[in-house]
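A.B. asks: Listed in order, the protein sequences are those of chains A and B.
No gaps in the numbering here: position 60 of the first sequence is 60 in our numbering, and each next residue is one more.
No gaps in the numbering here: position 192 of the second sequence is 192 in our numbering, and each next residue is one more.
Check the hints yourself; a few may be wrong.
[As the list claims (entries may be wrong)] Have a look at the derived ranges for each label pair, beta carbon to beta carbon: (1) Val150(B) to Ala19(A): 36 to 42 Å; (2) Pro132(A) to Ile180(B): 37 to 43 Å; (3) Leu128(A) to Val150(B): 46 to 52 Å; (4) Ser184(B) to Asp166(A): 52 to 58 Å; (5) Ala19(A) to Cys115(B): 26 to 32 Å; (6) Lys34(B) to Glu38(A): 17 to 23 Å.
Note that these hints are calculated values from the structure, not bench results.
Even glycine gets a Cβ: it sits at the ideal position worked out from N, Cα and C.
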Amino acid sequence: MSIVLAIGIVAGLGLIGAAILVIAAKYLTVEEDPRIGEVTEALPGANCGACGFAGCADYAKAIVSGEAEVGRCVPGGQKCADAVAKIMGVEAGTAVKMRAVVQCQGSCDKVKTKYEYQGLKTCAAVTLYGGPSACSFGCMGYGDCVKACKFDAIHVVDGVSVVDPDKCTGCGECAKACPKGIIAVRPVSAAPAVLCSNKEKGVATRKACTVGCIGCMKCVKVCPSEAVKVENNLARIDPEKCTACGECVKNCPVGAIRDL
Amino acid sequence: MAAKLAFIFFSMILTNNYVLVKFLGICPFLGVSKKLDSAVGMSAAVTFVMVVATLATWPIYTYLLEPYGLAYLQTIVFILVIAVLVQLLETIMKKFMPPLYKALGIYLPLITTNCTILGVTILNLDNGYNYIESIVCALGAGLGFMLAMVLFSGVRKRLEDAQPPKPFEGLPITLVAASIVSLSFTGFGGLIETIFGM
Chain A
1 MSIVLAIGIV AGLGLIGAAI LVIAAKYLTV EEDPRIGEVT EALPGANCGA CGFAGCADYA
61 KAIVSGEAEV GRCVPGGQKC ADAVAKIMGV EAGTAVKMRA VVQCQGSCDK VKTKYEYQGL
121 KTCAAVTLYG GPSACSFGCM GYGDCVKACK FDAIHVVDGV SVVDPDKCTG CGECAKACPK
181 GIIAVRPVSA APAVLCSNKE KGVATRKACT VGCIGCMKCV KVCPSEAVKV ENNLARIDPE
241 KCTACGECVK NCPVGAIRDL
Chain B
1 MAAKLAFIFF SMILTNNYVL VKFLGICPFL GVSKKLDSAV GMSAAVTFVM VVATLATWPI
61 YTYLLEPYGL AYLQTIVFIL VIAVLVQLLE TIMKKFMPPL YKALGIYLPL ITTNCTILGV
121 TILNLDNGYN YIESIVCALG AGLGFMLAMV LFSGVRKRLE DAQPPKPFEG LPITLVAASI
181 VSLSFTGFGG LIETIFGM
């Protein structure tokens with residue numbers, strides 16, 4: 001008898017609860033744009049935050065409300081942008097594919113060392129001492145970025161980190177991990193990049209490294225589209241103005257500007 | 001009567017703190033205490049649900065389960081009731097109090113299976129509290145939860161700047177810090193009893 005009563009009471013409470021919820025769901029629902037759900041489905045669901053929102057659902061909400069454009073999803077890429085654009089009924093445009101670039105090519109043979117370092121082998125620790133490299137701006141090659149990369153796309157080759165363009169997804173984890181801040185995440189384009197981060201005057205840079213930008217202004221002069229600027233003794237290329245003519249690459253006396 | 005209520009209320013916050021003394025609700029305590037805003041949001045939601053859950057479960061136990069000798073069904077029935085309540089609250093709040101709904105956000109559904117809520121409702125009955133005492137106890141427990149969360153979010157902010165040895169980084173050092181905060185709360189032992197002469 002008591003077992004029937006027990007089942008009855010639990011089942012009854014369950015039914016009452018279910019009834020209340022059904023009524024509540026029927027009369028109290030707030031109309032949500034069905035597209036929010038669809039867009040969330042179309043996104044990869046990795047919640048990586050690369051779009052600048054708290055997660056895929058948050059980004060979907062922003063897209064539907066018109067606050068954000070489609071194609072900000074880095075892991076989803078073009079395919080995802082197209083899918084979202086289809087739901088929203090807009091042109092996808094081209095989702096900008098990003099890629100990390102290590103702005104340093106000071107490998108062991110090109111940059112001088114000040115002393116032999118024997119401490120903890122992480123960039124974060126080495127930075128506390130400025131690093132054994134004569135150039136205090138460049139890559140130290142202890143591989144904090146390698147550890148941060150989830151895609152096996154960055155490796156230390158001959159004392160300097162090199163990005164594998166095929167594997168890089170442009171998530172920017174390596175840029176966050178680099179204590180020197182020399183890894184830039186930039187749109188994939190034909191524009192060349194200045195692979196140096198040294199802000200010291202030309203003479204000092206020259207002494208430390210054979211491939212460092214010395215701020216000689218030659219690239220500025222040869223650029224037909226005024227895309228190159230030298231700030232703090234360091235050349236920088238504006239990818240929007242750059243026409244990828246290659247003049248700066250040809251004329252750089254130290255070879256600091258390279259096509260990627 | 002008033003003295004007893006005050007005693008229950010303050011002992012729930014300090015000497016019987018659900019998180020730091022009874023070790024219930026450790027999951028949100030560690031999970032949501034990273035930022036002060038989310039810590040406060042989560043605790044507000046917990047306090048709210050605790051009181052409402054007690055409002056509902058106490059009569060169910062006293063007038064439905066106990067008279068029929070079904071006290072052993074307490075756990076399962078309470079889980080059911082709390083789950084329904086949280087879901088209902090979410091729907092109602094979304095409709096009528098969107099700002100509050102937004103503020104509590106994802107924390108509300110998380111609370112459905114929170115053991116502090118179940119703990120409060122069950123321990124209220126174990127302690128033989130009457131209806132009003134139970135509600136006051138639930139309120140105190142919720143505020144105690146908030147106190148622990150706010151205190152600990154401050155501790156964690158400092159922890160972020162600290163550089164513990166590598167094996168201690170992340171969760172281990174957080175657990176060590178939690179144990180020390182918990183230890184500090186034992187210092188309140190006997191305080192409330194002495195004040196209220198109980």
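A.B. asks: Evaluate each hint against the coordinates.
C.D. replies: Quick rundown of the hints versus the structure:
Between valine 150(B) and alanine 19(A) the CB atoms are about 39 Å apart, so this pair conforms to the stated range of 36 to 42 Å. Between proline 132(A) and isoleucine 180(B) the beta carbon distance is about 39 Å. The supplied range of 37 to 43 Å therefore holds. Between leucine 128(A) and valine 150(B) the CB atoms are about 34 Å apart, so this pair departs from the stated range of 46 to 52 Å. Between serine 184(B) and aspartate 166(A) the beta carbon distance is about 54 Å. The supplied range of 52 to 58 Å therefore holds.
A C-beta distance of roughly 27 Å is found between alanine 19(A) and cysteine 115(B), which places it inside the suggested range of 26 to 32 Å. As the Cβ distance of lysine 34(B) to glutamate 38(A) is approximately 32 Å, the hint placing it in 17 to 23 Å is violated.
When the structure is compared with the earlier hints, violations turn up for hints 3 and 6 and for no others.
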